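**Student:** Here is what each chain is made of, one letter per residue.
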Amino acid sequence: EDKVVQSPLSLVVHEGDTVTLNCSYEVTNFRSLLWYKQEKKAPTFLFMLTSSGIEKKSGRLSSILDKKELFSILNITATQTGDSAVYLCSGGSNYKLTFGKGTLLTVNP
Amino acid sequence: NAGVTQTPKFRILKIGQSMTLQCAQDMNHNYMYWYRQDPGMGLKLIYYSVGAGITDKGEVPNGYNVSRSTTEDFPLRLELAAPSQTSVYFCATQLDVTNSPLHFGNGTRLTVT
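Protein chains in written order, with this note's numbering: chain A, 1 to 109; chain B, 110 to 222.
With the rest of the complex left out, here is chain A (with noise of 0.2 Å):
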């Protein structure tokens, strides 16, 4: 059975601060990670990785994949508010896609 672990489940952190949030995946025929943000409604797409040691980046968040060790970790740097949400990680093999439980990430003022 396809699994996706992420770690930790919760994180309360102030705004500026750096956060890493990890996600280990065992998943047959696995062909790519993906990361996910959600606030109240649905997920909203971050990041898909393919490829071992090769950063993605998109402002503040950047992802990187380790296909060796089956992780990936999501950075967040200068952290904001608006960051608070719950991250999705989910590790996808043909048309299943298996998620971890999710992130939650809080940012205080």
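In case anyone wonders, no lab produced these hints; they're calculated from the structure.
Hints may contain errors.
To be verified - Below, a list of computed lysine to aspartate or glutamate pairs in the EDC-like style, where the Cα atoms sit at most 16 Å apart:
hint	chain 1	residue 1	chain 2	residue 2
1	A	Lys96	A	Glu15
2	B	Lys166	A	Glu1
3	A	Lys67	A	Glu26
4	A	Lys96	A	Asp2
5	B	Lys153	A	Glu55
6	A	Lys67	A	Asp83
7	B	Lys153	A	Asp2
8	A	Lys3	A	Glu69
9	A	Lys101	A	Asp17
10	A	Lys37	A	Asp83
11	A	Lys96	B	Asp205
12	A	Lys96	B	Glu168
13	A	Lys96	A	Glu39
14	A	Lys40	A	Asp83
15	A	Lys40	B	Asp165
16	A	Lys3	A	Asp17
17	A	Lys68	A	Glu39
18	A	Lys96	B	Asp165
19	A	Lys3	A	Glu26
20	A	Lys41	B	Glu188
21	A	Lys101	A	Glu55
22	A	Lys41	A	Asp83
23	A	Lys56	A	Asp2
24	A	Lys101	B	Asp205
25	A	Lys101	B	Glu188
26	B	Lys153	B	Asp135
27	A	Lys3	B	Asp165
28	B	Lys153	B	Glu168
29	B	Lys123	B	Glu168
None of the values given here were measured: they were computed from a predicted structure.
We have chain A already, so just place chain B on it with the hints.
**Tutor:** Just chain B now, kept in the frame of chain A:
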């Protein structure tokens, strides 16, 4: 540009009732999915479809049925609703199963009492 539209947004059902959750997309994506999200539990795949006329079970299909008669629509049917089906349901579409992300609707919050 509507994207993925789910209706209704909220619904309360009594135990044993039936209902259909609607999902419509205008992105011409072949791949469509139904997920349920319980508090603190991530997203669990219920059913998926790779194109009109083709559906298959996901991780948690019991108590649900789907159909896909057109590319645009992928309704999820609940027969004999049970309290265990209280959840938030998300429909999602995907252009390419290997190289593109899921696009989610805004969800349907269902309560069964």
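**Student:** Which earlier hints turn out false for this structure, listed by number in ascending order?
**Tutor:** 1, 5, 6, 9, 13, 15, 16, 17, 20, 21, 23, 24, 25, 26, 27, 29
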